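Protein sequence lines correspond, in order, to chains A and B. Using numbering that gives the first Met the number 0, read the first sequence as starting at 0 and increasing by one per residue. Using numbering that gives the first Met the number 0, read the second sequence as starting at 0 and increasing by one per residue.
Hints may be right or wrong, so weigh each one.
[Unchecked claim] Result set (DSBU-like, lysine-lysine): computed pairs, CA atoms no more than 35 Å apart in a straight line:
# : chain 1 : residue 1 : chain 2 : residue 2
1 : B       : Lys83     : A       : Lys51
2 : B       : Lys26     : B       : Lys1
3 : B       : Lys22     : B       : Lys83
4 : A       : Lys51     : B       : Lys22
5 : B       : Lys83     : B       : Lys26
6 : B       : Lys83     : B       : Lys1
7 : B       : Lys1      : B       : Lys22
8 : A       : Lys51     : B       : Lys1
If you're looking for bench data, these hints aren't it; they were derived computationally from the structure. Here the structure is a predicted model, which means the values were calculated and not measured.
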Amino acid sequence: MALNLSEALSSIATQADATDWRAAIRLAGDGLVAGGATTDVYTEEMIAAVEKHGPYIVIAPGIALAHSRPSPAVLAGGLSWVSLATPVEFGNAANDPVSLVIGLAAVDHDAHLQVMSALAGVLSDSSAMERLGAATTPDEVRAVLGDLAAAA
Amino acid sequence: MKIVAVCGMGIGTSVLLKMNAEKVLAKLGIDAEVEAADMGVARGAAQTAEIVLTSEELAEELGDVPAEVIIINNFFDLDEITEKLTAAVE
């Protein structure tokens, strides 16, 4: 059985409201903070990363992986899940608009690889993503992720 | 063959790209080493690598490097990665 991503998630929010990409990243950051993975400073670091490098974190159609580098603002590795009620533009020509923001915090370059591998498995599974996109509550998201881990 | 997957921070998108590139390379039977790197490390690594995998925004930031730069739009689309890597290797 593969790692169950729902156990790795610090927090899950569904049908969240964000007016723009900064607000969407803040929601993902709030989830990391709520889960005890980061401080608010990390949220600002994630926003600064996009300001510096552009909207490259939109790595697939509709999906943004908000993250920055390991820093003192990272207390523990963590992952947060925010699906948006209304998709927002990040300015990524190929993959806008974004309806799912995943917040990622890592304490170093290696510790989170198992989680990343599970995440890659889920995000590259189009039928799984369809089910996750249709989930309207955190419990539904957890249930789908649990099913996927059991089936893997 | 040496391939570098590049992102801004070296912990997130480049790691996902490395994982999916390795899947594709194994399927194609290509013997290659894939390294995930942030922008700073990548500028150095790209001097000795044959292929750089990255997104459009970061390719612009990376600038001119001797390696062939392949832009991947959807990091989870193994078909896109397969097609672009095959074209680059041939």
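Tested hints:
{"no.": "1", "hint": "Lys83/B to Lys51/A", "in the structure": "holds, 27 Å"}
{"no.": "2", "hint": "Lys26/B to Lys1/B", "in the structure": "holds, 17 Å"}
{"no.": "3", "hint": "Lys22/B to Lys83/B", "in the structure": "holds, 14 Å"}
{"no.": "4", "hint": "Lys51/A to Lys22/B", "in the structure": "holds, 30 Å"}
{"no.": "5", "hint": "Lys83/B to Lys26/B", "in the structure": "holds, 14 Å"}
{"no.": "6", "hint": "Lys83/B to Lys1/B", "in the structure": "holds, 16 Å"}
{"no.": "7", "hint": "Lys1/B to Lys22/B", "in the structure": "holds, 15 Å"}
{"no.": "8", "hint": "Lys51/A to Lys1/B", "in the structure": "holds, 27 Å"}
When held up to the earlier numbered hints, the structure conflicts with none and fits them all.
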